[in-house]
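Here the protein sequences come in this chain order: A and B. Just so you know, we're using the working numbering here: the first sequence kicks off at 1 and counts up by one. Just so you know, we're using the working numbering here: the second sequence kicks off at 156 and counts up by one.
Heads up, some of the hints might be wrong.
[Said to hold, decoys possible] One side of the interface only, derived from the structure: several residues of chain B facing chain A at Cβ under 8 Å:
#	residue
1	167
2	172
3	173
4	177
5	209
6	213
7	221
8	227
9	229
10	238
[To be verified] Simulated coverage check for chain A against chain B, where a stretch passes if three residues somewhere in it have a Cβ under 8 Å from a Cβ of chain B:
#	segment
11	27 to 38
12	70 to 84
13	141 to 155
[Unchecked claim] With a straight-line Cα cutoff of 27 Å, these simulated BS3-like cross-link-like pairs (lysine-lysine) come out:
#	chain 1	residue 1	chain 2	residue 2
14	A	90	B	178
15	A	44	B	194
16	B	194	A	37
17	B	178	B	194
Since the hints were derived computationally from the structure, they do not count as laboratory data. For glycine and all other residues, C-beta sits at the position ideal for the given N, C-alpha and C.
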Amino acid sequence: MPTLSIHFQAQVPGSVVLAKQGFRLAIELRVPEQLEKLLLSENKPVPAPLTGPGLIDTGATFSMIDEGAVAHLCVSPVGVVTLGTAGGSKQSALYPVRLAITTPPPNQPLLRAEFAGITAGPLKDCGLLCLIGRDILSNATMVYDGGGGHVSLSF
Amino acid sequence: MTNPCDTTGSETLSEEVALYESKRSEFLLDYEGKFVLIKGSEVAGFFDDESEAYKVGLERFGNTPFLIRQVARQDAVQNTPALHFGLIRAHT
Chain A
1 MPTLSIHFQA QVPGSVVLAK QGFRLAIELR VPEQLEKLLL SENKPVPAPL TGPGLIDTGA
61 TFSMIDEGAV AHLCVSPVGV VTLGTAGGSK QSALYPVRLA ITTPPPNQPL LRAEFAGITA
121 GPLKDCGLLC LIGRDILSNA TMVYDGGGGH VSLSF
Chain B
156 MTNPCDTTGS ETLSEEVALY ESKRSEFLLD YEGKFVLIKG SEVAGFFDDE SEAYKVGLER
216 FGNTPFLIRQ VARQDAVQNT PALHFGLIRA HT
């Protein structure tokens, strides 16, 4: 996983906002680089990148993207994973994507990662493009100062 | 490439998953920890990492569904409890 030592501070005005919204950051999703090359070589259009909010979720064992992003990026499934849900276990498809975590404007990349397989779920209703789970956070140093309304994340 | 935008879900890969499950014990003998690439009834190869398997899968099958699975004795169950219990929207 690529690492960039950029200190990140979320744009939250205080502890109340942080408590309500959680640690949100800017996410960009693209098709994998290898798929982009394939599409270009076949003179096919490359889906435009998607941007939106991601939420740090230390309770999630893995990261997840919104299922609408899968349709937009036009990526085919490359795997299946078992998800534990309130209703029991179920199978869910895995999709290849290129994910970047960016800082606020001018949008410097904090992290760029290629996923050979990431699952998708109904995140749009939560106002999210992505959940950042412990798979990505396993490479991160995170400081959550709830009282001070301050968070930082570095890779 | 029959469908350049087949984003359908896990049921699409049911044949590949069934093949993997039927051959898991056999795969474990020589390829434990490797990543197997399966398309339909074809085992297309074993790779050291997922990205290499994806690259070969794209070259051979295009942007269509295929299975990449790490050969392991057990598959972990993954969880997103906050999402599944509706807690993410609790304060919004």
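Going down the list of hints, with the structure as the test:
Of the supplied interface hints, the one on residue 167 of chain B holds, with its beta-carbon coming within about 6 Å of a beta-carbon of chain A, less than 8 Å. The interface hint given for residue 172 of chain B is met, as the beta carbon of that residue sits about 6 Å from the closest beta carbon of chain A, less than 8 Å. Given the 8 Å rule on beta carbons, the hint for residue 173 of chain B is violated: about 11 Å separates it from the nearest Cβ of chain A. Taking 8 Å as the C-beta contact cut-off toward chain A, the hint placing residue 177 of chain B at the interface is violated, the least distance being around 15 Å.
A cut of 8 Å between beta carbons decides the hint on residue 209 of chain B: the least distance to chain A is about 5 Å, and the hint holds. Given hint, residue 213 of chain B at the interface with chain A, holds; its Cβ is 5 Å from that chain's nearest Cβ, closer than 8 Å. Against a cut-off of 8 Å between C-beta atoms, the interface hint on residue 221 of chain B holds, since the closest Cβ of chain A lies about 6 Å away. At a threshold of 8 Å, the smallest CB-CB gap from residue 227 of chain B to chain A is about 12 Å, leaving the interface hint violated.
Annotation: interface hint on residue 229 of chain B violated; nearest CB of chain A at approximately 10 Å, more than 8 Å. The interface hint given for residue 238 of chain B is met, as the beta carbon of that residue sits about 6 Å from the closest beta carbon of chain A, less than 8 Å. Counting residues of the segment 27 to 38 of chain A whose C-beta sits closer than 8 Å to any C-beta of chain B gives 4, which meets the bar of three, so the coverage hint holds. Look at the segment 70 to 84 of chain A against chain B: 13 of its residues bring a Cβ nearer than 8 Å to a Cβ of that chain, three or more, so the hint holds.
Only residues whose C-beta sits within less than 8 Å of a C-beta in chain B count toward coverage, and the segment 141 to 155 of chain A has 0 of them, not enough to reach three; the restraint is violated. For the hint pairing residue 90 of chain A with residue 178 of chain B, the CA-to-CA distance comes to about 22 Å; that is within 27 Å, so the pair holds. Distance check on the hinted pair: residue 44 of chain A and residue 194 of chain B sit about 23 Å apart at the alpha-carbon level, within 27 Å; holds. Between residue 194 of chain B and residue 37 of chain A the alpha-carbon distance is near 21 Å, which keeps this suggested pair within the 27 Å criterion.
Straight-line distance between C-alpha atoms of residue 178 of chain B and residue 194 of chain B comes to about 14 Å, which keeps the hinted pair within the 27 Å bound.
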